[in-house]
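Q: The chain contents come next:
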Amino acid sequence: MATFIGIGFSKDYDQHKAARDAAFYAKTNLAKDRIDFAIIFCTVHYDTKIIFPVINQVLGNTKTVGCSTAGIILSDSVQTRGISVLAYTSDEVKSGTGFFKDITPENTQEAGFNFAKNTVADFGRHARQLMFFMVNSHLKNPLLFLKSMQEVLGSVFPIVGAGSCDDFQFTKSYEIYQNQAIKNSATGLLLGGHVAVGIGGHHGWRPLGKPHIIHKTTGNIINTIDGKKAVSLYENYFEEESAELLSTKLGQTVIFYPLGIYSAESNEYLLRNATQILPDGSIVCQGAIPQGVKVHLMIGNKDSCKYAAEEAARDAKNNLGPKEAKLVLVISSMARLKLLGRNAYQEIKRVRNVFGEHVPIFGMYSNGEICPFKTRTSIHRPHLQNESIVVVALS
Amino acid sequence: MEIITANIWYFVGSFVFIIIGVLVFLYIGKDEQVKELTTLVEKLKKSFNDLDEQAKLIVKTDLELNKAQEELDKRLNGLDALQNTSQLISTSLNENEIFAKLDQTFLMDIGFEKTLILQYDKNKALYDRSEIGFTPKEKAAILDHLRNDSELIKLLENGKTISSENSTKLQKDTIIRTFNVMHYIFNPIMTTDGMVGLIFVGNSAATSSITEGDEELISILATQIAQALDNARLFEEVYRSRQALESKVQSRTIELKSALDEVKNISKTKSEFISAVSHELRTPLTSIKGYASILMAGKLGEVPENVKLRLAKINTHSDNLVNLINELLDISRIESGRVEMKFNQCDISRMIENVHDLLTPQLKDKKINWVTDIAPDVPTLLLDSSHYERVFINLISNAIKFTPEDGTISISASLKDDMVTVCVSDTGIGISEQDIKRLFDEFYRVENKINQNVKGTGLGLALAKKIVEAHKGRIWITSEIGKGTTFHFTIPA
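Protein chains in written order, with my numbering: chain Z, 1 to 395; chain R, 1001 to 1493.
These aren't lab readings, by the way, just hints derived from the structure by calculation. Here a beta-carbon is modelled for each residue, glycine too, at the ideal position from N, C-alpha and C. Some hints could be false.
Below, a list of computed lysine to aspartate or glutamate pairs in the DMTMM-like style, where the Cα atoms sit at most 25 Å apart [claimed, not checked]:
(1) R:K1137 / Z:D14
(2) R:K1472 / R:D1330
(3) Z:K229 / R:D1050
(4) Z:K17 / R:E1131
So, partial list: chain R residues that the calculated Cβ filter (under 10 Å) puts toward chain Z [as the list claims (entries may be wrong)]:
(5) A1055
(6) I1058
(7) V1059
(8) L1065
(9) N1066
(10) E1070
(11) D1073
(12) L1076
(13) D1103
(14) Q1104
(15) M1108
(16) I1475
(17) T1478
With the hints as constraints, model all of the structure from the sequences given.
A: Take a look at the structure:
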């Protein structure tokens, strides 16, 4: 009765070699013939048509899930180029994978529901502990997707989600299922059986300036704030630089300054990134913001990021209970990667310090994170967040 | 009743009046509260607005910091890559090795999406040495473009860096189209021989514009590559020169060895010849001298005086000839190793005294002062005494010959580092530098008045040298014209 984990990574420029090495090291480090599932994170520098057949050849017909990312998180480093493969096998832990492709704004609800059902069907009739899924960050309404997943899994079931992303160009992200890269899809993994799960998530962003009232919204689109077109909020704060920042570097700039909604339930601010500015000055957000709520422009720095990472790790460890962590999954926002720059590993080091050097860390940078955030009550409902770090400890 | 009614009205009126008064009072108080609250709201609004103004400043500072941080990170990454490359290529002294080290991992680390390093071949055509981000088809199109864009190449050959920030619109449009990038830098690789290649870096994302830092980074990289190429070329030249030199030295060594062998052969032949001839000469000379002596003694009858005089000359010349032959024979024997040295412990002071005794008549004739200074720590030495006496005799005889009357001859001996150095000094006429060089050559005689009057074989010093060297010592001369000469020689202690 044991769990085995093998992690492989390569950043070789030769695509064949990178794919082969990453898969081969994962398999070698696993030191087992059977692989229950594999998680693949890959930066967008690699041609998926070249690398996945190679990975498939090495791993055999293993169930694989994963997605493209802005950076790969490993125990001892953060890499902004490369392919990472986690191979997992266990006699105690049950797993099932699921997939849904061609998600559109029109079928989001149905997609979430069917995706969860597919995953549950593959998982079988065991005790469920954690749903980990990756969805395309261009999905217009991920909250709707989450809600429909919850119709299958339950509203308080621990769900951890990550928005696939790329090298900050916001155009090339994809999801991975059974060694295929597919856009506009969702892929995930349901874990259960004799495994304890501890989850922690924090962002470390703080409110800045006066509160603003969300005046009018349409789903995840904010039309007006304080009675003015929504974009004027950013124009007001960015002043003379707003024209350039909002036109050319929207994604890269606004992720540093999301909108924060105070949640009395969690005593935290729920963060929402602006992903698009519409011609009429409306802002498109990753998640819906209720009409009439007060929002703040939020700001973070390196120290607050590192502190939040440590807090998330501590929460995950505490939520794991008395059991020892065998694997730590980390989903960190690409905004944090951008903000921390060369010091990106510093926040992972904080996580490592909490769990100890012997526990392998595997993760990715995402565009949008879903996890059960800390609440004052014992009920931890999954929420969509931005700019956050989610730490998942598996026993 | 009227009074009652009047009183009632009075009370009602008073009550109403009081009520109105109270109401008026309350109204006035509330208004003040409202005014206070309104003031507070205004203050709060102002605080919020102040807070927002501060927030704007914070955002502005934060934006600047983020921008600076991004630039700094990029530069640090680039500098890291440069440092690593510098270490790698500075140790390479081969052109191919240098470019092999500028591999794709390095190109990735310098932080551009597309990088191309080109070099001129022998025909001055550019070819790619290292690249990332280009397909073979794109590369071919780029090389083709560069072959035809003489204006761009000319600018680069003049050492100019061309980037998307300083290109003309037409140039920029062409480059963007050909290289499939939005922002770019061209930097020439300039060695001491001029441009030998170029570096191209570019980003296809509109947001990844070129900064001054990028230009500096690529310029440093190009300089480093150029320096490494210069070093490699210099090393190649030095290596080739050394090879040529070594080859020359080898061939000269062979020539010299062959010449030396020849000289040795000639010398051996000469020695054998001298030995043979000397033997052949000595026998008849002995007869000549013997018969001359018989004739002079009158054993074959009285000889007239003038004949006696001639016979005495025959005798003297025969003696000279015998001496000459003996010295020649000694030299040839020592040279050929045929002479067997009979080493025994000798007291050098005693040897010098013996020689002094032998030469006292000549010293007295010229009233020459004799000074000896033998250091007390000079030990007894392992010498062939009969040969070494000849060294002293030759050197002191020479000194007597060239020292004027009332001059001084000094003999000193000292011990240093297991070697005894003996100096024979005179206050004679001295020897020129030119003559010193040839003084130990056989038959060499310095041309001066004394030598013209005094006969000599020209073999004394050559023989002395051979004897000193046969004892593993060394002999040399110091001299000053008009002041005197010193012969120094060493004997192992």
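Q: Now tell me, hint by hint, if it's right for this structure.
A: Going through the hints against the structure:
| no. | hint | verdict |
| --- | --- | --- |
| 1 | R:K1137 / Z:D14 | holds, 18 Å |
| 2 | R:K1472 / R:D1330 | holds, 17 Å |
| 3 | Z:K229 / R:D1050 | holds, 22 Å |
| 4 | Z:K17 / R:E1131 | holds, 18 Å |
| 5 | A1055 | holds, 3 Å |
| 6 | I1058 | holds, 6 Å |
| 7 | V1059 | holds, 5 Å |
| 8 | L1065 | holds, 9 Å |
| 9 | N1066 | holds, 6 Å |
| 10 | E1070 | holds, 7 Å |
| 11 | D1073 | holds, 4 Å |
| 12 | L1076 | holds, 6 Å |
| 13 | D1103 | holds, 8 Å |
| 14 | Q1104 | holds, 4 Å |
| 15 | M1108 | holds, 6 Å |
| 16 | I1475 | violated, 75 Å |
| 17 | T1478 | violated, 74 Å |
Comparing the model with each numbered hint stated earlier shows that hints 16, 17 do not hold.
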